[in-house]
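Engineer: Below, each chain spelled out in residue letters.
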Amino acid sequence: MTGMVWAIFRATLLQTLRDRGALAMGFGLPVIFFLIFAEIFSSAAGDEVRLDVAIVDEVKSAESLRLLAALTADPAVRTVPGVTDRQQAREMVRLGTADVGLVVRADGESLATASGLAAPPLLLLVDPARGMTATVLAGQLERAYFAALPDLAVGRVAELVGTEFTTFTPQQEQEITAGLARLRSDASGGGGDGGGGWSFADLVESMPVAGRNASTNHVAYYAGAIAFMLLLFVAVQSAQGILDDRDRGTLDRIATGPAGIGVIVTGKFVFLALQGLVQTALVFVIAWLVYDVDLPGSFGPWLLVAATSSAAAAAIGLMLVVDCRTRVRAQFVPTIAILIMSALGGSMVPRFFMPDWAQKLGWLTPNTWALEGYSAVFWRGEPLAAVLPYCGVLAAFAVVSLGLTYWFARGLLRE
Amino acid sequence: METPPVLEVRGARRRYGEREALAGVDLEAHPGEIVVLLGPNGAGKTTLVRAICGQSRLDGGSVRVLGQDPARDRGVRHAIGLVPQDIALYETLPVATNLEVFGRLAGLSGATLRTAVADALTGFSLADRARDPVRDLSGGMQRRVNIAVGALHRPRLLLLDEPTVGIDPVARQSVHQVLRGLAQRGMALLLTTHDLAEAEQLADRVVVMAEGRVRASGAVPDLINRLFGGRQEINLLLARPPDESTRTVLEGAGLIPTVQPEFWVGAVTDDPEPLAELRARLKGAAVPVAELRVVAPGLHGVFLRVTGRVPVTREAA
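As given, the protein sequences belong to chains U and X, one line each in that order.
Heads up, the first sequence is in this note's numbering, so the first residue is 130 and it goes up one at a time.
Heads up, the second sequence is in this note's numbering, so the first residue is 797 and it goes up one at a time.
The following block holds chain X by itself, in its conformation from the complex (with noise of 0.2 Å):
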């Protein structure tokens, strides 16, 4: 990109007690993009936001918002805006209301107060229930004041934390929607969700983290290519976890081991010979197999090729 960015991570790092939650992370965030922040459970997603909204501090490396520090310059906070994963919201109050009191705690008064909160009002669909309490609210709509009021006082930086969990599809897509609405408007936005959908969806770059550090980070389609060059996925399943020959056998067949030891990924060209040769491999080798699959790569096998997780499924989260 052109632009400078938004948001510039540099080898960031924080430890607690012995466990390193940022291991040298880099990440940038440009004016009206979407990059989602992906990774399982413990992987230093919450810690980064937290550095990046100066609330954590880190042992070292540097987080630049707009060039300045948020933990020293409490000026460029203004340039921030953070949506929580729960609605932090005053749930007895009308939207309107909550849309002032946020509007003012983020600097806003006067006629810019009350110009942004009409325009909060009408681009996320909310003048009809203005009046009403947020508790009145269906979970999408409350979902969509929750991010009005981040958004409120148009921030460089919108830092959203699993925006959408726990709301049904249609509601997804009208928060979607106001996402893809906001970077238009050149906000740089920064997303953490175990929703892969969602983020294949959304996101112009996906930042792919385990154990504290950014395994992979690119557009979805280029982190496919990159992984898989064209190649098809295969996800095997084992009946049982593998003894040391079955190791030997599969890595030989250039299969990679998950966190989960029955269940193993690797990718192959669109040729029928290969896959055949594969499946006779394993035969061969009386491999305890349950099931193979080849299935098209997407973001999800990006996932476990680089975390070696499973991503959470959108029940589960």
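If we strip away everything but chain U, and leave its shape as in the complex, we get (with noise of 0.2 Å):
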């Protein structure tokens, strides 16, 4: 008995050493698995958040200086280069070249003695659709305030203790702890009584950049992001009737006649794609109906992206499968491929949350070119002539791959 399983062993054991292609996806595939996965979801997870901050300093004070300073001194903030004005500011966050915007601003009282009755001195700009930047910003932000501007801080509190409870006579120590304790009651009793209290949110404002709401933002997000992957899967899975074609002589009988292989190629494709937009527009559809995400108001936007990604989803699974020339690979390097493709193209995690190379390199998969294009519809509402880079780009996958489809296809036929 234990000679026969040996003997199994054995042989399979010989038949895997002797295949590279099965060692090299049995054991290189999943060392880059894990170590892009493990990357990507340990900075969302973790406190290696990194954001690509719009800044304009429209007082240029002392203090508004030294609080920038502190602030872009911080590894976790990244100053996106050449921004002049707020207006451009706010533009660069709602086109999604900056995570969020931060203004000190003129129209507001100043840092030094902001009493908050007027406007805050620091405004953010925020897009809806990534709520978690102002909250990450802001938690930056009052670390360097205490750090850079302590002098303030401690500052306001004793003009606080000035203005509020009394000047420091000798009943001062009495009336101090008094006036702790009411502070200490109003801060638990959820807001002061208008008189009184302090906090460093009292010097900031958030003002969105988009005027959607955000929570259906996020679903048009998702709906987008799953949408695409869930395209790729279908497609690959699809595509792989052209494998069984292959094994029973289907593809040799139709090679032979005038069709050509290249028939077979186009007709696989043209209804992946046609079924991928039905499937993306059903995703959608239900994204309106339930989450109330404006499919209508941006149908046209919306077709195009949805067309070009779901061609681009059909001629890269057709590749994926095409290439594998087995079925037994076509069930696993395509998965692989998918998963890695999602997960540095924004489909698992948004890309903001990831490292900066996982989002340099995101811009080579085609999942961060139909979420940015759906971005463009849904969260930025963007008129058609602003979505067709992306489905420019799109496109251009579907077209390269199709070409590397014909190409490998060929490869099929038995020789």
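These are computed hints drawn from the structure, not numbers from a lab.
Do not take every clue at face value.
A few chain X residues facing chain U, derived, Cβ under 8 Å [claimed, not checked]:
no., residue
1, C849
2, Q851
3, R870
4, R873
5, H874
6, I876
7, L878
8, P880
9, Q881
10, D882
11, I883
12, A884
13, L901
14, A902
15, G903
Note that beta-carbon positions come from the ideal geometry of N, C-alpha and C, so glycine has one too.
The two chains are supplied separately, each in an independent frame; assemble them into the complex guided by the hints.
Structural biologist: Right under this line is the structure:
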């Protein structure tokens, strides 16, 4: 019995060792796969979020310069270069060039004397779909404020004590104690009585750069992210039929006639692309009906992004399968490829959570272009012309992948 | 034959690394002719068929279908039909749908397609099962659909790769009937098989290949006559592989070795003397004879003599 088990073990081992492709897939890919996912998810779940911040200092006071110097010294904050004014910063956030904008505003109170009665001195420009970025930046700002401007912080407290409680007389100790007790009571009661209290939040105001509802935008993001990943998986699954055709001799039969292998690839591609478009439509119709994503209002641009991303997914799915040539490989390699593309491309975790290298690599994946296309449509509400660049790149993905599929498909015919 | 050939292969050569799959093959098929390609595995039959389909390039020589090169002139592929060995159909789709799909891929459309499908359903006795998925049909019926699809667009040349493999004798006869019907309509049929009985029944001409070459070609009676000249076929089976002296004796007696060392073949006249003489000679030389048979010569003997190999039996195939 042991000998028989050994015989099977040995045969399997030898077969594996002789198949270089299987070796690479079996031992190389899991390592690469792990490294990529570990990097992305540890960044997303950890404290290493890095924000690209469009910073505008309209005041340029001693305080603002010290605050911004402390903020930008923080490795979690990267300054987007070339920002000249508030409008440009706002546009950068809207277009996704910057994760969030920060304005030290000239039309607000000064950092040194802000009382909370007029406009706060710091304005955050936030994309509602990435509301998390404002929270992260506010935290970094608070840290920078207390690190860079401790005199202001203490002065504010002293001023607060002096104006709200009493002057420093012999009765100070008693009155301050009573005042602090009242502050504590106010804070725990969920807010003051209008007269007193100070917190860092008084210095900051958040302003959305897009007018749409944040939760709706989130649904639109995930509709796009899930739809595109799903498209890739379904395309690969359906494309495997071409390998069955090859094994049955159907491919030989068709290729012998006037049709040729090109007709087979084109026919499969058209089917997969249309199937993908219908699947995408289903996802977005549900998002519209259940989550109020504005599909009718953005139908034209949406259709263009959906059509080009479906075509790209179909061609990529076909290419991955045809390149594998065998069903066993075609069930493994494309799955890994899709998971990596989807992770890097933002289908699993929003890209601004990822390390810088992963964000850059993401631009090589169709997922990123599809998601950016959908973002342009639903987050930023951009017109048809603005989504054309994304659709152009997706179309290029489709054309190149389809071209490679034609090339690889010639190898499917039995030589 | 008077009519110009549908298929004309001249000096076809194809090499895979060190192995010469085709070493200068000549072949013709005329309208209405059934040509059966025989040969052991690795003889070059598949390579030749792929070259005729235009799917494999040649290193030398030429393939012409109706005077054109199917590898370069895609237009001439309308004149070729292929019936692969496997059931190359969409098995979950009905018979009629398969015919329509493949008919369209063969370049048919509109009324021509509808007529061709209707004719195929009738001609191949499939009308009753037209709406049934292919996978629900018997093996023999699936074979008929497989052939019907290849012949649907009325190609001038139909290539069939072992069209009856794996089906029972009754179903095989029905497939043979179908193939003869196609030939009677003027189609040239080139089919490969390992089944010599099938080849004898069907072939107007057999072409025996071995090691990339055509070793014999002609009508079965002509080949038998050419190789045996009215003599009987001798099959000699030795109890053990022959040593050098035994080999000398056997060759001296006019016997021919095969790739199986214990198995030798030869021919003798119908007279009793030469056979008695052979027996005496073998006995005198102490040749370890396990079996000595004298049989009426057939394609089996032709195959053995020209390839040196025992043909694959129907069961083994």
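Engineer: Confirm or reject each hint.
Structural biologist: Hints and how they fare:
Because the closest C-beta pair between C849 of chain X and chain U is about 4 Å apart, less than 8 Å, the hint holds. Interface restraint check for Q851 of chain X: the shortest CB-CB distance to chain U comes to about 6 Å, inside 8 Å, so the restraint holds. Evaluation of the R870 of chain X hint against chain U yields a held restraint, the C-beta minimum of about 6 Å falling below 8 Å. Checking R873 of chain X against chain U: minimum C-beta separation of about 5 Å stays under 8 Å; hint holds.
Below 8 Å, beta-carbon pairs count as interface contacts, and H874 of chain X has one with chain U at about 5 Å; its hint therefore holds. A distance limit of 8 Å between C-beta atoms decides the matter here; for I876 of chain X the minimum to chain U is near 6 Å, and the interface restraint holds. Contact between L878 of chain X and chain U, as hinted, is supported at the beta carbon level, the nearest pair being about 4 Å apart and thus within 8 Å. For P880 of chain X, the interface hint holds, since its Cβ comes within 8 Å of a Cβ in chain U; the closest pair sits about 3 Å apart.
Here the hint on Q881 of chain X is kept, as its CB sits about 7 Å from the closest CB of chain U, short of 8 Å. The closest approach between the C-beta of D882 of chain X and any C-beta of chain U is roughly 4 Å, which is under the 8 Å cut-off, so the hint is satisfied. Checking I883 of chain X against chain U by beta carbon gives a least distance of about 7 Å; that is within 8 Å, so the hint holds. At about 4 Å, the closest approach between the beta carbon of A884 of chain X and any beta carbon in chain U falls short of 8 Å, and the interface hint on this residue holds.
Taking 8 Å as the C-beta cut-off, the interface hint given for L901 of chain X holds, the closest approach to chain U being about 5 Å. Because the smallest distance between the Cβ of A902 of chain X and any Cβ of chain U comes to about 5 Å, under 8 Å, the interface hint for this residue holds. Interface hint at G903 of chain X: satisfied, since its Cβ lies 5 Å from the closest Cβ of chain U, which is below the 8 Å cut-off.
In summary, the structure agrees with every hint in the numbered list given earlier.
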